[in-house]
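There are 2 protein chains.
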Amino acid sequence: MQLSKFSDYALRVLMHLAASPDRLLSTRQIAEMHDAKYNHLTKVTGWLVSEGYASSSRGRGGGLQLAKAPSEINLGKLIRTLEADRPLVECHSGDGGKCPLAASCGLSIVLQDAQEVFFQALEKYSIEDTVHVFPGMARFLTEMNDHAHH
Amino acid sequence: MQLSKFSDYALRVLMHLAASPDRLLSTRQIAEMHDAKYNHLTKVTGWLVSEGYASSSRGRGGGLQLAKAPSEINLGKLIRTLEADRPLVECHSGDGGKCPLAASCGLSIVLQDAQEVFFQALEKYSIEDTVHVFPGMARFLTEMNDHAHH
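Protein sequences appear in the order of chains A and B.
Each residue of the first sequence is one higher than the one before, starting from 1 at the first, in my numbering.
Each residue of the second sequence is one higher than the one before, starting from 1 at the first, in my numbering.
Calculated from the structure, these hints are not laboratory results.
Hints may contain errors.
Chain copies aren't distinguished; within one or between two, either way the pair holds.
[Said to hold, decoys possible] Below 27 Å or equal to it, Euclidean Cα-Cα: the simulated DSS-like pairs (lysine-lysine) are:
1. Lys124 - Lys37
2. Lys43 - Lys68
3. Lys124 - Lys77
4. Lys5 - Lys124
5. Lys124 - Lys68
Bear in mind the structure is a predicted one, so any value in this text is a computation, not a measurement.
Turn these sequences into a full structure, and let the hints guide you.
Pasting the structure below:
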């Protein structure tokens, strides 16, 4: 069971931004910190801006910052949105897929319930929680951010 | 959040076998019913045999049948095994992956807990349940099996 690389990076970007509310971080800086492909991370940060999670300012010294308080970015809601086009199994897709069992499948409903429980477990947490649950995490992120190349 | 196509097919195969305990079904027959690539499904059924879920007999009229009672094939345990090499995020992999946040990440633990809840929800069910939860499901599977080309 996998989250997409896109989701993974979106979550990492939000954690970096949450740890340094007073800094602007560029997509390139975060890409370098995570050894990620810049072109891929551009799509991720573009998505975060378009969905209202982050805002960006252009030009020299420009960059990204959170557009919401970290405590207002609910993990369950975020990951549901990020994974919306990646159904657990084919028959959970919008068009129902092609599985001939779909119409009366007992597995489909059991999987759907389990996935719902997964999202509900994540709904108890926000990005703020992910940054502050370990004492060292916020400091570690801040230090990475502060040492990012310009 | 996606299960692999491999897992999806493994589950479908087990449902077909569970619905017709008195028949032998070939990999080719199931592949045709699900419009699946025969070569891919061979790997799936080979895995099910090697893991002790199914047994196969060769030759004309040979095929697959369950090696356990459907009620003894626990969904949570099965899907954990099927997805063992597909970590939810990179840092859950055996080698820990390359994410620089991994050592003290508050997200990693939250995701792990949510995934655990997902598997626990599935542990309440067996393959037997998936075939019998809808009144029409077992009959539907049996009819598909009976009409499979030889």
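Earlier hints that do not hold, by number
1
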